[in-house]
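Starting from the known structure of chain A, fit chains B and C with the ligands onto it as the hints suggest.
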Amino acid sequence: MEWLANLGKSTLDRFAAVGRASYVLAGSLIAVPQLKNVPLTIKQMYVVGVQSLSIIMVSGLFIGMVMALQGYTILVDYGAEGSLGPMVALSILRELGPVVTALLFAGRAGSALTAEIGLMKATEQLSSLEMMAIDPLRRIVAPRLWAGLLSMPMLTVIFSAVGILGGHLVGVEWLGVDAGSYWSIMQSTVEWNADVMNGVIKSIVFAFVVTWIAIFKGYDSVPTSEGISAATTQTVVYSSLAVLGLDFVLTAIMFGIE
Amino acid sequence: MPNETNIEYHVSITTGNSEFLVKNLIEIESLSFKRGERVIYDNISLQIPAGKTTAVMGPSGIGKTTLLKLIGGQLRPDAGDIKFKQESIPSMSRSRLFKVRRQMSMLFQSGALFTEMSVFDNIAYPLREHTQLSEALIETVVLMKLQAVGLRGASKLMPSELSGGMARRAALARAIALDPELIMYDEPFAGQDPISMGVLVKLIKELNNALNLTSVVVTHDVTEVMSIADYVYILADKRIIGAGTPEQIRQSDSDLVQQFLQGKADGPVPFHYPANTLEQEFMGAN
Amino acid sequence: MTSRKSEILVGLFVALTIAATLMLAMNVASKGSVGQGETYNLYAKFDNIGGLKVRSSVKVGGVTIGRVESIHLDPEDFTPVVTLSIVKQYNAFPETSSVSILTSGLLGEQYVGLQPGFSIDDIENLAEGDYIADTKSALVLEDLIGQFLFSRDND
Ligand SMILES: Nc1ncnc2c1ncn2[C@@H]1O[C@H](COP(=O)(O)OP(=O)(O)OP(=O)(O)O)[C@@H](O)[C@H]1O
Ligand SMILES: [Mg+2]
Numbered sequence: 346m347e348w349l350a351n352l353g354k355s356t357l358d359r360f361a362a363v364g365r366a367s368y369v370l371a372g373s374l375i376a377v378p379q380l381k382n383v384p385l386t387i388k389q390m391y392v393v394g395v396q397s398l399s400i401i402m403v404s405g406l407f408i409g410m411v412m413a414l415q416g417y418t419i420l421v422d423y424g425a426e427g428s429l430g431p432m433v434a435l436s437i438l439r440e441l442g443p444v445v446t447a448l449l450f451a452g453r454a455g456s457a458l459t460a461e462i463g464l465m466k467a468t469e470q471l472s473s474l475e476m477m478a479i480d481p482l483r484r485i486v487a488p489r490l491w492a493g494l495l496s497m498p499m500l501t502v503i504f505s506a507v508g509i510l511g512g513h514l515v516g517v518e519w520l521g522v523d524a525g526s527y528w529s530i531m532q533s534t535v536e537w538n539a540d541v542m543n544g545v546i547k548s549i550v551f552a553f554v555v556t557w558i559a560i561f562k563g564y565d566s567v568p569t570s571e572g573i574s575a576a577t578t579q580t581v582v583y584s585s586l587a588v589l590g591l592d593f594v595l596t597a598i599m600f601g602i603e
Numbered sequence: 505m506p507n508e509t510n511i512e513y514h515v516s517i518t519t520g521n522s523e524f525l526v527k528n529l530i531e532i533e534s535l536s537f538k539r540g541e542r543v544i545y546d547n548i549s550l551q552i553p554a555g556k557t558t559a560v561m562g563p564s565g566i567g568k569t570t571l572l573k574l575i576g577g578q579l580r581p582d583a584g585d586i587k588f589k590q591e592s593i594p595s596m597s598r599s600r601l602f603k604v605r606r607q608m609s610m611l612f613q614s615g616a617l618f619t620e621m622s623v624f625d626n627i628a629y630p631l632r633e634h635t636q637l638s639e640a641l642i643e644t645v646v647l648m649k650l651q652a653v654g655l656r657g658a659s660k661l662m663p664s665e666l667s668g669g670m671a672r673r674a675a676l677a678r679a680i681a682l683d684p685e686l687i688m689y690d691e692p693f694a695g696q697d698p699i700s701m702g703v704l705v706k707l708i709k710e711l712n713n714a715l716n717l718t719s720v721v722v723t724h725d726v727t728e729v730m731s732i733a734d735y736v737y738i739l740a741d742k743r744i745i746g747a748g749t750p751e752q753i754r755q756s757d758s759d760l761v762q763q764f765l766q767g768k769a770d771g772p773v774p775f776h777y778p779a780n781t782l783e784q785e786f787m788g789a790n
Numbered sequence: 081m082t083s084r085k086s087e088i089l090v091g092l093f094v095a096l097t098i099a100a101t102l103m104l105a106m107n108v109a110s111k112g113s114v115g116q117g118e119t120y121n122l123y124a125k126f127d128n129i130g131g132l133k134v135r136s137s138v139k140v141g142g143v144t145i146g147r148v149e150s151i152h153l154d155p156e157d158f159t160p161v162v163t164l165s166i167v168k169q170y171n172a173f174p175e176t177s178s179v180s181i182l183t184s185g186l187l188g189e190q191y192v193g194l195q196p197g198f199s200i201d202d203i204e205n206l207a208e209g210d211y212i213a214d215t216k217s218a219l220v221l222e223d224l225i226g227q228f229l230f231s232r233d234n235d
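Chains as they are written, first to last, in my numbering: chain A, 346 to 603; chain B, 505 to 790; chain C, 81 to 235.
Read the hints as simulated data drawn from the structure, not as lab findings. As the structure is a prediction and not an experimental result, all values here were calculated from the model. One should not assume that every hint holds.
Simulated crosslink set (EDC-like; lysine to aspartate or glutamate; CA at most 16 Å straight-line) [as the list claims (entries may be wrong)]:
#, chain 1, residue 1, chain 2, residue 2
1, B, 587, B, 531
2, B, 556, B, 734
3, B, 768, B, 725
4, B, 709, B, 734
5, C, 168, C, 118
6, B, 742, B, 546
7, B, 603, A, 480
8, B, 706, B, 728
9, A, 388, C, 87
10, B, 587, B, 685
11, A, 388, B, 620
12, B, 527, B, 685
13, A, 381, B, 639
14, A, 381, B, 633
So here's chain A without its partners, still in its complex pose:
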């Protein structure tokens, strides 16, 4: 009997959380067309986007380099090292770009968003806004949501471009794959809509999910040190799981069954 009650309670709690999360999302999304929010969003894009650039670019470069190295050692056995270009480009554009960017973004920017909003709640800054008749969802949460939604796809495109250059660096400059075949076979294989755009669509979905989780966890956190640290951890864990799960679903829809 006890476990049944617990099951019921935890299910209800879960539903309540989904409800609160939707409320936060709706409250912030309604705030879009406000002119005052533009400078705030730009400022948040600096925090969320520009400050994530270095980690994204360095990771992209190394992942491209590793892909080229691994790919080369496999392909060269079949005399197919000419296919190195498409191999690196396709795996980065379709999978690694969106997924790794989202995971890094969750760790770098998502956790910071949660902690910042949670701390604002704990220090009564959000309450104080409410008492000033200013909706914190509008002024605090909405700019961060939009900054996340815009920044992550941008970071993904940069990640992919840098990654493919990294592949060139190792594949062509170091291992001596013919530069012409690296790029031209890539060009004839990679398709704009099917590969590049699908990757971007993935990253838009991930951006939405990761930013939503981050701001909701901050807004809903227990306003104490432990509460905020737990919320920050949950942001990283939940966003990573959501990204990996959704990636499978999206891949199945986009590239999967015919």
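Just chains B and C with the ligands now, with coordinates in the frame of chain A:
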């Protein structure tokens, strides 16, 4: 015992009303509020007269901050009603509540300055949000408010660079930035040296007299309260244990009130958070 | 001021994104311009398509000119019909052209190779909806081995 205090409470209210022939800005009617299982307020009623300074005192953790949040509409009562200018706050729509809140302002116990902007921008924030004043005019207003709390020289500092007392004064400047009709001060004097305390007392008094504001001051500083308040409520044990003008309060023959005013540890007001007796706690295992 | 600095850096961030997008468009995904632009469809019936897939490329002399749009079975004679989507730019293949299913390298992808036929005056060009008559099916390794063994037995 409860009877005795209840009688006193009614008496002081009647004398109160005869003394203040003014409208009440806020009327709280048989309010009950619970935090989880814990009852904070059990059926209390009180009035905040317009244009006066009302002090709310009571032991720590009794629910003074909670009361201010209830008035501000941030918490909903479990029963009873809170009326601001005859309009029920708990039953307002969100947009209506936001309109009404423009007439209120609250100094939070923690100050609650926005940490990402300078002191100047903190105080300019409500002005920029709610008025169409030019930047030059805003600067004048902000510097005047800072001058009033003695922090004009600190306008460029970030909140993290302020001391606790300075932060509270800056927050006070922000709370009065829009010249609201009602200001709720949650412990404005905590952490202030005698000089700034004197300045703040004067400031609150002046705001009240000059602009005809209504002030609610939550504080523990008995002497300060007695000097600025027109009316005093003392809360304890989920109820109002004393109410009246400072003079009436001082002369009250209630043990509870006297214990509180004189700061005696022993008496009818419990100093401890509700708990088992020490004997039960330590001997319970045997 | 600090907000000015962050605005400039966000501007740089946007510029970097545009640069990256251009690089992906020009150097990574462009050349064939297949999949974009206008195309026309040709059909070809094969006995066996082997490992040919939708989106496999259609090449002439190694140059990609289109993609396999769809593959289905003719409901009447049960042979696979392959729809080839060819870029409009290459629209002057004579009707005598032939298509075959080829493999790039020993283990590579299968693709459709188009062999342009001779063109004499009274031969028209292939146009939208035409069937290419001359087709060669995919080589199936098992058949090949079977033939090889069979011919050895006959020796
Ligand atoms: N968010 C909360 N959740 C649960 N209980 C709370 C919460 N906030 C306050 N309480 C409880 O409500 C009671 C009243 O809190 P409140 O902050 O109003 O006290 P206070 O009278 O302002 O005390 P102090 O003088 O120390 O500031 C406290 O006993 C506290 O335990
Ligand atoms: Mg308090």
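Is the Cα-Cα distance between residue 709(B) and residue 734(B) 16 Å or less?
holds, 10 Å
Hint consistency between residue 603(B) and residue 480(A) [alpha-carbon to alpha-carbon, up to 16 Å]:
Answer holds: residue 603(B) to residue 480(A) is near 11 Å, not above 16 Å.
Measure nothing beyond the straight line between the CA atoms of residue 388(A) and residue 87(C); if it is 16 Å or shorter, mark the hint as holding.
Holds. Residue 388(A) to residue 87(C) sits at ~7 Å (cutoff 16 Å).
Is the Cα-Cα distance between residue 742(B) and residue 546(B) 16 Å or less?
holds, 5 Å
For a C-alpha distance cap of 16 Å, please report whether residue 381(A) and residue 639(B) respect it.
Between residue 381(A) and residue 639(B) the Cα gap is close to 15 Å, so the pair holds against 16 Å.
Under the criterion that the straight-line Cα-Cα distance not exceed 16 Å, is the pair residue 527(B), residue 685(B) satisfied?
holds, 14 Å
Given hint residue 531(B) paired with residue 587(B) - CA-CA distance at most 16 Å:
Distance ~5 Å between residue 587(B) and residue 531(B) Cα, so the pair holds.
Hey, residue 706(B) versus residue 728(B), does the alpha-carbon distance stay inside 16 Å?
holds, 10 Å
Holds or violated: residue 768(B) with residue 725(B), Cα cutoff 16 Å?
Holds. Residue 768(B) to residue 725(B) sits at ~14 Å (cutoff 16 Å).
Satisfaction of hint between residue 118(C) and residue 168(C), Cα-Cα up to 16 Å:
holds, 6 Å
Hinted pair, alpha-carbon criterion (16 Å max): residue 556(B), residue 734(B). Please report holds or violated.
Given that 16 Å is the threshold and the Cα spacing comes to 6 Å, the pair holds.
Starting from residue 587(B), check that the Cα of residue 685(B) is at most 16 Å away, please.
Given pair residue 587(B), residue 685(B) holds - Cα atoms ~15 Å apart, limit 16 Å.
This entry satisfies every hint, going by the numbered hints stated previously.
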